[in-house]
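*Asks:* Line order of the protein sequences matches chains V and A. Per the numbering used here, the very first residue in the first sequence carries number 1; after that it's consecutive. Per the numbering used here, the very first residue in the second sequence carries number 1; after that it's consecutive.
The hints are simulated quantities; they were obtained by calculation from the structure and are not laboratory data. Small disclaimer: the values here were computed from a predicted structure and weren't measured. Among these hints, one or two may not hold up.
Stated by the list, open to error - Just so you have them, the derived chain V footprint on chain A, three or more residues with Cβ under 8 angstroms:
#1 136 to 147
#2 226 to 240
#3 449 to 461
Unchecked claim - Below, computed lysine-lysine pairings styled on DSS-like, alpha-carbon distance capped at 25 angstroms:
#4 A/386 with A/84
#5 V/436 with V/387
#6 A/471 with V/28
#7 V/439 with A/437
#8 V/167 with A/149
#9 V/413 with A/149
#10 A/351 with V/69
#11 V/167 with V/121
#12 V/25 with A/471
#13 V/422 with V/436
#14 A/149 with V/129
Even for Gly, the Cβ is constructed at its ideal location relative to N, Cα and C.
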Amino acid sequence: MNAPPVIVIGNGIAGVSFARNFRKKSSKPILIISKETPYFFSRTAIMYVYMGHLRWEDTQPYENTFWKKNKLDLLQGTVTQINPKEKNIRLSDKSILYYDSLIIATGSIPNKFGWPGENLKGVQGLYSKQDLDSLEDYSPSTNEAVIVGGGLIGVELAEMLHSRGKKVTFLVRENSFWNNVLPKEESKLINQHLLEHVIDLRLNTNLSEIIEDETGRVKAIRTDSGEIINCQFVGLTTGVRPNIDFIKNTDIATNRGILVNKYLETNQSSIYAIGDCSEQQEPQTGRRSIEAVWYTGRMMGETLAQTLTGDKKAYNPGHWFNSAKFFDIEYQTYGLVAAQPTKPEKHFHWKHPNENVAITLAYDENTKKFLGINTFGIRMRHELLDKILCEKKSVFCMIEQLANCNFDPEFFKTYEKKILLKFNQDFNTNIKLKKKSWKVIFNNIILKL
Amino acid sequence: MKLLQKIGLGIFLIGLSSFCSLVLLGKYKLNPKEFQRIINAKGIKSELFINSLNTNLVGKEFSEPFSFSSQIVTAVKEVNKIHKKNREWGKVIWDKPHSLSYDIAKIAGKGIIKENKSLFWLLTFGLGILGSLLYILPNLILLGPPGIKNNGIYFNSSTNRGFLGWFVFLFLVTFYIVLYFFPDYIVNWTYIVDPISRSISGNLASQWFLYGFLYCVVMIVMAIRMYIKYRNNMHQILRTTSVLFFQIVFAFLIPEILVRFDKPWYDFKNAFPLDYDFFFSWNLNSLISSGGFGIFILVWGILLTLVIVPVMVYFFGKRWYCSWICGCGGLAETLGDPFRHLSNKSIGAWKLERWMVHSVLLFSLVMTGLTLYSYFTGSQNVIGIKTQTIQNIYGFLIGSVFAGVIGTGFYPIFGNRVWCRFGCPLAAYLGLIQRFKSRFRITTNGGQCISCGNCSTYCEMGIDVRAYAQKGQNIVRSSCVGCGVCSAVCPRGVLKLENGPLENRFFSPEFPSGN
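Looking at chain A on its own, in the form it has when it is part of the complex (with noise of 0.2 angstroms):
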């Protein structure tokens, strides 16, 4: 079994390798039609641009995708110099260099990959799915009887902020970084993927769809890594299938398939504002050109966050939502299972993490107020803020940065939920709703708690639980995600999560009980 474990541990790693090494495979070759039909079809009026391309890139073979992407990228940075230096707005490109070069890529893109899309799929993913179930499923039996499965956790240099810890770490941020900033860089990723993007919405894929792939891919590989640790535990289960099919038919297929109808992309659980850019025009236009689905989906958009959500929160708390629906809240809990206890669990990070959860929500209504300011009076500015630019600076530091690279790249430092805790404006919204009027908390269980740290080592949001548990005190705090796992951990059956009456919710006895 463990032999098994070995050969899986190694498959895994060829396919991962073969994966990395994809980008630099391939060749880059742009032809004069191409080129045209690209200019046509984007409309660039920029001679100079058109010029510098024609000479440097056009006609000639590139063997890897940063050189390519360097002359594109140059090219538009200095043409838009020349071309705003003599007002001519007309003619600037105001795409964003990298993702103008991926498109420009995505076709230019020639031989091997393109080629044997499916072949290259099963030397990376084929052989990541392939290997890492041959290193999960013989836990089954290595792992012995059903039962909490935490051994030696923190002897392990990948889930112990040790050298494998800090080399996931940085290459989940590379990932990141290369997915949202350097799009142009990974086209051969997206064509081994092309033929699944064309058979669900018609379409080549995008780095998005590639995202939105590997997201599954990995749900579904790490939540069958949790049915086995958790079998015991049948809430865990559940909640694990539900994040698993709601990322996938509500996150991935739906939104595809609505494309290939010709209907907007749009997930249907994403409530704002965790759906950051719900409001902003290009979207608000898109929605209601598409006559009565989009006014439906806009509809649908609004009674999610306004009433929906804070309904169902008062109910069940805010974990119907961020542990049983949410995207970010499934990959926390299937890939990021292994490393929730490295959250931190200090007062001083819980007074951080009040003062920037709900920084980011008050950022991201004043957002939204400005750009539904411009969306009704039609002006750039709000009090010489140009709204464009918050919703850039917004997009880039929360969109980005944080719920990416900080979100899922610090999963092996940070534990978990980093960008839950700390960075979701919607886990900021329901927060406050589960704090005041929810009928949620977590009992606990009169005097039976021994104080041994189990619940809060093991809560991904950095609740110290035990502070709470050892006085008999219910739990009731806006951050917890009602993830179910203190109360699977404690080895004295003293965490129940509840939905019960407002009254005797804060329940605190002097003494816990017994005497």
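This is chain V alone, in the form it adopts within the complex (with noise of 0.2 angstroms):
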């Protein structure tokens, strides 16, 4: 008999990341299964599909031949038991397949709150192949369509819908869009920009219930003021949770998530979770216990692939940095920026008067140690801000090396002196800009300040 392979449950970045990772340093039979699609894809890109940027197989990062070339197998099922004891999982066809190490990447799914309504056709999340699917299905019979919830997922989505003539109303519970992530003036620049796309945004607003009409499909939705709004198309974007339901029942620990310590194992020997579903029983500081994002998917996977050929390694993510485009405007962030700065932070804020580009920096106010950076309009050079955080410079340093940290396209405006005289003036400084220099953005050069 051959050797059972390593399963891993998922083919989302988390479970590709770790196959293929794995695969280099090993020649171990690998078998990834999935119940959403055949072949990995680009979760971020769906929405590129719906408004015609791309097609299907354009979010596919690999080739089809891929996976057979590197010998990494592939199945379409459902998973619906594990039994760490036998070492094996039972799939929804009744079979059973055995493992050596079974890696749990199986991501997330939308929240829903039991709001009344909740499950009429027309109203969904939008994280699936399958939501994908059924939003091109409602689309044709959609001309108003309502979001709930102010995050990421929900302004993608509105863009989407708006892309295709739909008028989107935009129901955030916060009185400001994101503002539990964004500080206060940013979530302002997105919130006018919402309306420069003439979405319909209405802070403070609240979903009540979701109103049926004759054929089971959502005909308008009631806000938390009584206010009535027709619709014929409700997204629910209010954030994701661990898709773990069906492991609930077996002796793997959870909580939210999967439980798992730092080097990705779970309490059951040879089972591991990666991903938007694993839970770290013991965050790094300043970090969430979940953090469902594309890149930590990516590093958890890398990471597992270390420690499974024979190279242990603690799940050890560096600095947080995330990114995302609101409708327009890119946004980018490196290291922590609190939406509500608490002692000592403190934050260094400019707007362009009247373009959409924005930058805060965060700062210990006592030692001046810089602690983070988000951009709106101005693409920042990861590696540099990376080794500005490791190497815990101060915020004089960050915006000395202002230009030499831009990304922007050649040719763009830049914004760095008219920054640089914000700062100086709140900071009564006289910093002076550092011209670019290829050693520094390079690390050769040891930085100053």
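Build the complex: two chains, separate frames, hints provided.
*Replies:* Here is the structure:
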């Protein structure tokens, strides 16, 4: 009998990053099981398919021949049961597969909060290929849509529907878009940009009820203020939670997600959990126990692949970074910038008076240590930012290196001088911008300050 | 606004159909005096030919160009057969039949178009330009605030290889076939640009003048579209302006003005081996006989290829040529922009590309080698191969069919850089330098890539940019023309075209940043 394979449940970025990196160092058999799609695709690209920028096949980072060539076996199926004692899993077609190691990378599912009518036709989240397909099905009969939940998926869904000429009403519980993550001024910038794109943004508004028509399809929603808004589609984008319902009745320890230690091991031997579905028992300081973003999924997969090929590594994601795009405004963040800074964190903020360009620097009020940066409409150079953060440089170093940190395309307008002017006024300093230097960018020079 | 666009489209289509129907308007009648002039100018010695045309053509009225052309073409072929059989080499007509027919038709054409050149210019070019602008300009408002404007590209039949795409393909292919091989059918088109040609070069318009003029007009109109589409992106705006400038001034105006001053027609930016006939003996002879200025062109042409091109590629990558200067690139980046995503991204296509483009480079070099050998030795044959034959094969296969018919005609099917990617020998030469000795690269921004695929999809050269970006690797590829669109469409700010030091150029971490 053949040796049982390493089985990966889930073919998202976490599972596939694991499999690819595992294959680089080991020739053991690998089986990737997904119920969603036959091949790995980029979840973040779903929106571009709906908007007509890409075809579905363009979201698949590897050609279909890649998997066979690298001896990565694929199986489309649904895992219904895991038996850690027998080291096997059961699929919905009743077949049983034995594993050498089991990697659970099942990602997330959209949250629902028990709203009346949340299971009506035309009401859905936006996460999976199936969600995209059903959105496509409802689209021709949708003129007006309501989106509930002001996060990243919400704004993407708004852009998608808007691109197809739907009238979009966007219900946001908070008093400003995504203000549990973005500082006030930045959140305001996005509010305004949404209005610029004729999105009917309703702040401080909750969903009370989704109203049904004769056919079981949504025909309107009622907000907590009692207002009725007609719509033929409701997007529920109030966050996601780990997709772990199918292992709830096993011995694998879970909380909100599957509990793992820093080696991504669950409480059961030979079973690991990575990506959105995993929950760190001891997250690094400043980091959350569940971080459902692309990059952390990738990094966990890379880390676990090292461990399972004989080089045991703890998950150490380094400094936080993320990016997003709100319609036309690109957003990047490096390090930690609190939405509402608490002592000793303080913020320096600059916004262009009439363009959608802004920057926030977070620093320690006492030591002036640089903590993090948010940029809107300016691209930043990841490696250099990471270096400044790793070397615990001051906010003065950061501002001095602004030109080196810029990653905008050539010939783009630069804002560094204006930013520096305000910085020097605020801090009563006389810092001069360092000229662009390849030596600094390529890490060959020790930064001062 | 939408209505305005529809009206614009309507006007454009009227302009286009009147342009097409022009071919069938007017009359052709060659009178004996005109015929005599042609015989003298061309130095035709074949009595058989003269008799044949005197019976079948001269004095007769033709209402369309096809039968007119057919009389001449058949006559040329038949008399040549006889003369060659009789070894009367002096009497053989060496002109290409359709070119001779074009020259005769240009004189023989009569009637409404020739008498109303400006009016017909307005009805064709005028309406076409007006219609396109009415279609394009409202996008300034319709497309919403500045940003990436790719909504619905894959839903549109013209940009998704749908019915409209295939129609445009057929139209363009037909246009190029007629332009290159049957110019005598489109004499009427040249009449309407005669006044413009006269005012620049002093001569009547040839089909090449018509093509050059049309090329410029199309590029200007589509550049306006680019300015609107990419108005958030200064890089694209400057690049578009640059290709437009070099096309209009260097490829169109300067050569025509040179002709006015009895200098050889020369496009100063067109580098060998793209300018494949630069070393042909007729060109060398013409340059050498034009005195100091001709010698200057000769030296410039050699310097351009041997020194300027490689040095510039070292500093800036091949983009300085392909995406900022080149006429083929200019058309691809304006008219071709709506089709850029149609390029094939597969590994198979990449393999094919490397075989083809380097074969063409080799072919062009071998052909030029033979040409120069023949030029300096005076021998028409090299190891049994006739230089002229090789030149003809190259001119037909590469110069006409590949660069024109396939290169542009296939825009709506295989994307806008088919020629640049698979066929251009200069691109192959620049690519080798770019790959092995250049400061240019596309830097990948640490670990920010989300593998969405916009970069790969919108790469007109079919580079799978994402394959590099998602690994945190820099992109160094010989085919990259550095248009900058991958960087523009990236939603996460991952890609940047830069010129930097050679060390670190192929940066490729074990894992992307952040881990």
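*Asks:* Next step is simple, just say for each hint if it's right about the structure.
*Replies:* Against the structure, the hints:
| no. | hint | in the structure |
| --- | --- | --- |
| 1 | 136 to 147 | holds (count 4) |
| 2 | 226 to 240 | holds (count 5) |
| 3 | 449 to 461 | holds (count 7) |
| 4 | A/386 with A/84 | 18 angstroms, holds |
| 5 | V/436 with V/387 | 16 angstroms, holds |
| 6 | A/471 with V/28 | 23 angstroms, holds |
| 7 | V/439 with A/437 | 20 angstroms, holds |
| 8 | V/167 with A/149 | 19 angstroms, holds |
| 9 | V/413 with A/149 | 20 angstroms, holds |
| 10 | A/351 with V/69 | 17 angstroms, holds |
| 11 | V/167 with V/121 | 19 angstroms, holds |
| 12 | V/25 with A/471 | 16 angstroms, holds |
| 13 | V/422 with V/436 | 20 angstroms, holds |
| 14 | A/149 with V/129 | 24 angstroms, holds |
In summary, the structure agrees with every hint in the numbered list given earlier.
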